[in-house]
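Q: Sequence:
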Amino acid sequence: QAQGVESGGGFVQPGASLTLSCLGSSLVLRFRSVGWFRQAPGKERELVANILDIGTTEYTDSVKGRFTISRDSNKNTLYLKMNNLQPEDTANYFCNSDPPIRRLWGQGTQVTVSS
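Numbering (the numbering used here), first residue to last: 104 to 218.
Mixed in with the good hints, there may be bad ones.
Claimed, not checked - Label-pair restraints from in silico Cβ distances:
(1) ILE157 <-> GLN116: 32 to 40 angstroms
(2) ILE157 <-> THR215: 14 to 22 angstroms
(3) LEU155 <-> THR215: 27 to 35 angstroms
(4) PRO117 <-> PRO202: 30 to 38 angstroms
(5) SER176 <-> GLU147: 16 to 24 angstroms
Claimed, not checked - List of simulated lysine-lysine pairs, DSSO-like, C-alpha gap at most 30 angstroms:
(6) LYS178 <-> LYS167
(7) LYS167 <-> LYS184
(8) LYS184 <-> LYS146
(9) LYS146 <-> LYS167
Honestly, the hints are just simulated from the structure, not real lab data. In this text the structure is predicted, and so the values were computed from the model without any measurement. Heads up, the beta-carbon is just placed ideally off N, CA and C, and yes, glycines get one too.
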């Protein structure tokens with residue numbers, strides 16, 4: 104199965120933390136670069152963070168210093184640790200290869216940040 108299964112989202116207050124997981128052996132092991140994407144209501148889907156098979160990571164400016172992407176090949180899992188969440192982080196979060204492959208989009212996991 105190439106498609107990842109996302110989990111870990113929730114409803115939190117500003118300043119809280121969440122860790123998202125993406126379970127998918129083919130996704131984590133097969134592609135040189137994999138990433139977390141998010142889509143907020145009325146907005147385009149955007150790349151939040153990506154990680155190469157050698158461990159190099161990149162982040163969109165709005166999450167730098169707050170989010171950390173990691174991959175565990177032994178557990179076939181991609182993670183996104185999110186600290187100091189803000190209302191503008193509210194979105195549905197997805198994992199995919201980077202660049203993304205259309206057939207690998209899953210259902211995502213919803214993150215809602217509100218007081």
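Q: Indicate, hint by hint, whether the structure satisfies it.
A: Outcome of the hint check:
1. ILE157 <-> GLN116: 32 to 40 angstroms: holds (36 angstroms)
2. ILE157 <-> THR215: 14 to 22 angstroms: For ILE157 and THR215 the Cβ distance comes to about 34 angstroms; the hint is violated.
3. LEU155 <-> THR215: 27 to 35 angstroms: holds (30 angstroms)
4. PRO117 <-> PRO202: 30 to 38 angstroms: At 32 angstroms between Cβs, range holds.
5. SER176 <-> GLU147: 16 to 24 angstroms: violated (30 angstroms)
6. LYS178 <-> LYS167: Since the Cα atoms of LYS178 and LYS167 sit roughly 26 angstroms apart, the hinted pair holds (cutoff 30 angstroms).
7. LYS167 <-> LYS184: Cα-Cα ~12 angstroms, so holds.
8. LYS184 <-> LYS146: With Cα atoms ~23 angstroms apart, LYS184 and LYS146 stay inside 30 angstroms; holds.
9. LYS146 <-> LYS167: Answer holds: LYS146 to LYS167 is near 20 angstroms, not above 30 angstroms.
Violated hints for the displayed structure, listed by number in ascending order: 2, 5.
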